[in-house]
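Participant: The lines below spell out each chain.
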Amino acid sequence: AQSVAQPEDQVNVAEGNPLTVKCTYSVSGNPYLFWYVQYPNRGLQFLLKYITGDNLVKGSYGFEAEFNKSQTSFHLKKPSALVSDSALYFCAVTPPRRGSSNTGKLIFGQGTTLQVKP
Amino acid sequence: DAGVIQSPRHEVTEMGQEVTLRCKPISGHDYLFWYRQTMMRGLELLIYFNNNVPIDDSGMPEDRFSAKMPNASFSTLKIQPSEPRDSAVYFCASSSGLWGSPLHFGNGTRLTVT
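Residue numbers (this note's numbering), protein chains in the order written: chain A, 65 to 182; chain B, 16 to 129.
Isolated chain B (complex conformation) (with noise of 0.2 Å):
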């Protein structure tokens, strides 16, 4: 097993172009979810998904954030435009379940926005 598997882990750009961030989860789990991390407001849900479909995006923080998961190999957080108040380190993680299974993170992707 893989585990989670996130591309790019690093990635910087200039403010206003776009960012697309990428997530292979365990094969197998239902539970896909996007987090960010920054130093000021710790581990942030920005959404969840259960079996390919969104079920809960009320932390994706604005318009600019959107996040797909087209099949149960794969899902993106797409960030246009970028402002530098995105920096942060955005995880991914899957689960098999949601309540009591525990969650299973990438290494991240260190996102840069000067």
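The following block holds chain A by itself, in its conformation from the complex (with noise of 0.2 Å):
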């Protein structure tokens, strides 16, 4: 079965400091993935994607991520954390494309709770 894992419910960061928010996915072939933050009372927003190309995926806010296919994971990054970046995470992936076998369907990790303290 297709599924994503964020096996942190919560990380815990000081400001400043860098940040991993991991994600590891379990789908064939060649996936899109996705990272999305969640703010209080308020929707998922993209950050980032990854389709082809540089395994390393700079996006909004100065977070990034690196593409990992051997260990099939999409761990977010950013080198020095802000109080503001406190938020709930979600990776997402959908399956590659393959005729009209696949949906084209995001599925989403169960996500991860980022606190960032001063």
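Honestly, the hints are just simulated from the structure, not real lab data.
Every value quoted in this text rests on a predicted model; they were computed, and no experiment measured them.
Cβ coordinates follow ideal geometry from the N, Cα and C atoms, glycine included.
You can trust all of the hints, since none of them are fake.
Heads up, simulated DSBU-like pairs for lysine-lysine below, C-alpha to C-alpha not over 30 Å straight-line:
id: 1; chain 1: A; residue 1: K86; chain 2: A; residue 2: K133
id: 2; chain 1: A; residue 1: K169; chain 2: B; residue 2: K93
id: 3; chain 1: A; residue 1: K169; chain 2: A; residue 2: K86
id: 4; chain 1: A; residue 1: K141; chain 2: A; residue 2: K113
id: 5; chain 1: A; residue 1: K113; chain 2: A; residue 2: K181
id: 6; chain 1: A; residue 1: K169; chain 2: A; residue 2: K141
id: 7; chain 1: A; residue 1: K169; chain 2: B; residue 2: K83
id: 8; chain 1: B; residue 1: K39; chain 2: B; residue 2: K93
id: 9; chain 1: A; residue 1: K169; chain 2: B; residue 2: K39
id: 10; chain 1: A; residue 1: K141; chain 2: A; residue 2: K86
id: 11; chain 1: B; residue 1: K39; chain 2: A; residue 2: K113
id: 12; chain 1: A; residue 1: K86; chain 2: A; residue 2: K122
If you only want the chain A side, here are some residues facing chain B, beta carbon under 7 Å, derived:
id: 13; residue: Y96
id: 14; residue: R106
id: 15; residue: G107
id: 16; residue: L108
id: 17; residue: F110
id: 18; residue: I115
id: 19; residue: T158
id: 20; residue: R161
id: 21; residue: G168
id: 22; residue: F172
id: 23; residue: Q174
Restraint ranges, calculated between C-beta atoms of paired labels, are given here:
id: 24; chain 1: B; residue 1: N86; chain 2: A; residue 2: P82; range: 45 to 51 Å
id: 25; chain 1: A; residue 1: S134; chain 2: B; residue 2: R37; range: 41 to 47 Å
id: 26; chain 1: B; residue 1: G57; chain 2: A; residue 2: L120; range: 23 to 29 Å
Put the two chains together into one complex; each comes in its own frame, and the hints tell you how they fit.
Facilitator: The structure is reproduced here in structure tokens:
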């Protein structure tokens, strides 16, 4: 079955320190990978995506993510965390297009709460 | 661009009542999605439309749930009759494509059924 796992319910980091939010996936082929962020009482906002090309993808607000095919991972990173980065982060994957056999629906992880302390 | 607009932001209703949630997608987006978010189940895709046509409604939990998209700029999600277990935040999202296109979410409707 196709799935996305975010192994940490919560990540705590001090402001100014680097942060990593982990994501692994189980999808055959070369999937499309996404990160979204959700602030309180708001909808999800797109941060970045990986389709093909360089394994390191840069996105909004200084975030980046590294695609690792051998480890089937797509970890979200930021060199220096801000208190304002505190939010709920979702990893998502779309299976690769293969005729009509895949619907293109996004599969979301359960989310990881990032807490950045001053 | 005003983004995806949902109304109401909050809805409190009694069990057995009909509830209608509304969504206006981003102009030009061909795909519209309805999601439900709860602590227990996370984000669940309920249904999605392409060019106003329902494509996949396999996530709709029961016959009490129905969704329509009468035109490219409006969609509704209706629950009739509502039950306490329907309490959740319901999100509408739109995108310009399916594969590889990011979703743009509205701010959601928080539904409480008492």
